[in-house]
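Asker: So the sequences go chain by chain: A and B. Counting from 1197, one number per residue, gives the positions in the first sequence under our numbering. Counting from 1197, one number per residue, gives the positions in the second sequence under our numbering.
None of these hints come from the bench; they were simulated from the model. Hints should not be assumed to be uniformly reliable.
The list treats identical chains as interchangeable, and a pair is accepted whether it falls inside one copy or across any two copies.
In silico EDC-like cross-links for lysine to aspartate or glutamate, where the CA-CA straight-line distance does not exceed 16 Å [claimed, not checked]:
no., residue 1, residue 2
1, Lys1274, Glu1336
2, Lys1304, Glu1388
3, Lys1304, Asp1281
4, Lys1274, Asp1394
5, Lys1304, Glu1223
6, Lys1369, Glu1336
7, Lys1369, Asp1333
8, Lys1304, Asp1394
9, Lys1355, Asp1221
10, Lys1334, Glu1388
11, Lys1353, Asp1281
12, Lys1353, Asp1221
13, Lys1369, Asp1384
14, Lys1214, Asp1378
15, Lys1353, Asp1394
16, Lys1304, Asp1378
17, Lys1214, Glu1271
18, Lys1334, Glu1206
19, Lys1214, Asp1394
20, Lys1274, Glu1305
21, Lys1310, Glu1206
In this text the structure is predicted, and so the values were computed from the model without any measurement.
2 protein chains.
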Amino acid sequence: MAREKNYVSEAVMRRMPKYYRYLTDMEANGMQRISSNELSQRMGLTASQIRQDFNCFGGFGQQGYGYNVCELRREIHKILGLTNDNNFIVIGAGNLGQALANYTGFEKEGFLIKGLFDINPRLIGLSIRGIPVYDIDKLESFIPENQIHMAAICTPKEKAQNVADQAINAGVKGIWNFAAVDIATPPDVIVENVHLSDSLYTLSFRMSD
Amino acid sequence: MAREKNYVSEAVMRRMPKYYRYLTDMEANGMQRISSNELSQRMGLTASQIRQDFNCFGGFGQQGYGYNVCELRREIHKILGLTNDNNFIVIGAGNLGQALANYTGFEKEGFLIKGLFDINPRLIGLSIRGIPVYDIDKLESFIPENQIHMAAICTPKEKAQNVADQAINAGVKGIWNFAAVDIATPPDVIVENVHLSDSLYTLSFRMSD
C-alpha cells in the first residue's frame, strides 16, 4: 500500500491526516458506518473527491454501504505510518519545545518524545512531564543509541540549520521544523514545516480588505 | 492593491509570507538588490513562478535590474495587511497559549497579544510576559472594548467551537485555530488552522516506506 505513496499529490497527502482525525472522532463517538455523502458533508469535500483520494490507495468502501468507520480508520492509520516506531526528540527546550513536551495528544498515536535538547545550562537536567532535557552535546550519541528517526526543531532560527545538520548526521530522517527559516537537507531527509509567523501573516492577508 | 486578493490562489497566498520572510532576512543582512535568478535559487522556486506570483499584484522588479529588496519587502508588507492594527487575543492559556504569549517574534510585525483567556482559576490573574490572563467570562466585553479582530484558539478541541462562537459574536473576524478540530464559522470570518497532529502525521506518512 505504501508503495503508491510516491504517486500521491501533496494535496492528498495533506488530506489523509484530516480523514484520520474525523474517523478517530467518529469511532470514539460509536459510529460504525458512514455514507460517502455524510462523510463529504462533515469534511467539506465532495463525495467524488473523497473517492478519488481513496483510490490513490486502492479504494475503500462499498457501493451502497458507504464506509466502515473502524476499518477505514485502520487502513489510514497504516497508510500514515502510524504503525511504525515514531519516537522523536525535541531540539530547543524553550517555550515551544516545552509546550510540545507537555502536550499528550501525540502519544496517543505512538509519537513519544524521548528527550529535549538545549544549550541553556538552566534548562539542562530539568525534566518536562518526565522527559529529560539533555545538553545538546549529547545529541549525536543519543540519536543512534535510542534509534531516533525524527526531530522537532524549536530553536531560534539562527541555530536551526546547525542543529538539523547534527541530527541528520546522527541518523535522523525526518525534521519537524518550527524555526522561522527553511532548512536545507539531503534528498533522503523529509522536512515538514510549521512556520507560525507565515501562518499568522496568511490570516492577516486573507482578512485585509 | 489588496483588491486583487480575491483572485489570488491559495498557493500564491501561502507563498507571500515566505517571500516576506526571505526579504526581511535579506534586508537585515544589508542586501539592497537581488536578481530574480538569485531569489529563485534561494527560495527553491523558478524565476518564472516568482514573476507570475508578483504579477497577481501588478508585478514588481525591472528587467535587467532585478528586485530592490527594501521596496519589494515594503510592498509585500502592505499586501499581507501588516500595516493594519493586528492586535489579537489568545483563548486557552495552557502550554501552547503560554508559548505563543512568550514568543516575541509576532510583535516585530505589530501582532500584539492583548490578553489570554481561560476557565482555570489557577491561571486567571496571572500574567505571561506582562500579558494578563483573564476569566473567559470577560471575553465578550473585552473584544469590542479593545477592538480585537483576531483570536488564537488554544483550548482543548471539545471547547474550541464554543469559544470561537463567543469570540465571533463579540466581533472577531479571524480565527487562528490550534485546536485539533475544524471550526465552523460564518462566511465573513476567516479561519487559519495550525493542526499540529495533522502536520506530524504528514511527516510520518512521507517518511514511511
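Asker: For every hint, state whether the structure bears it out.
Answerer: Evaluation of the provided hints:
1. Lys1274 / Glu1336: neither (30 Å within a copy, 44 Å between copies)
2. Lys1304 / Glu1388: neither (20 Å within a copy, 25 Å between copies)
3. Lys1304 / Asp1281: within (13 Å within a copy, 39 Å between copies)
4. Lys1274 / Asp1394: Classified as between; 15 Å across copies, 31 Å inside a copy.
5. Lys1304 / Glu1223: Only inside one copy: Lys1304 and Glu1223 sit 15 Å apart there, 43 Å across copies, limit 16 Å.
6. Lys1369 / Glu1336: Within one copy, since 14 Å is at most 16 Å while 46 Å is not.
7. Lys1369 / Asp1333: neither (19 Å within a copy, 46 Å between copies)
8. Lys1304 / Asp1394: between (28 Å within a copy, 13 Å between copies)
9. Lys1355 / Asp1221: This pair counts as between: shortest inter-copy Cα distance 15 Å, intra-copy 38 Å.
10. Lys1334 / Glu1388: For Lys1334 and Glu1388, the Cα distance exceeds 16 Å both inside one copy (24 Å) and across copies (37 Å).
11. Lys1353 / Asp1281: neither (28 Å within a copy, 26 Å between copies)
12. Lys1353 / Asp1221: For Lys1353 and Asp1221, only the inter-copy Cα distance (11 Å) is at most 16 Å; the intra-copy one is 36 Å.
13. Lys1369 / Asp1384: Result: close within a single copy only, 7 Å intra versus 41 Å inter.
14. Lys1214 / Asp1378: Close across copies (9 Å), not inside one copy (25 Å); limit 16 Å.
15. Lys1353 / Asp1394: For Lys1353 and Asp1394, only the intra-copy Cα distance (14 Å) is at most 16 Å; the inter-copy one is 23 Å.
16. Lys1304 / Asp1378: neither (29 Å within a copy, 19 Å between copies)
17. Lys1214 / Glu1271: The answer is within: 14 Å in one copy meets 16 Å, while 35 Å across copies does not.
18. Lys1334 / Glu1206: neither (35 Å within a copy, 42 Å between copies)
19. Lys1214 / Asp1394: Between copies only: 7 Å across chains, 21 Å inside a chain, cut-off 16 Å.
20. Lys1274 / Glu1305: Only inside one copy: Lys1274 and Glu1305 sit 11 Å apart there, 41 Å across copies, limit 16 Å.
21. Lys1310 / Glu1206: So Lys1310 and Glu1206 fail the 16 Å test inside a copy (29 Å) and across (36 Å) alike.
When held up to the earlier numbered hints, the structure conflicts with 1, 2, 7, 10, 11, 16, 18, 21 and fits the remainder.
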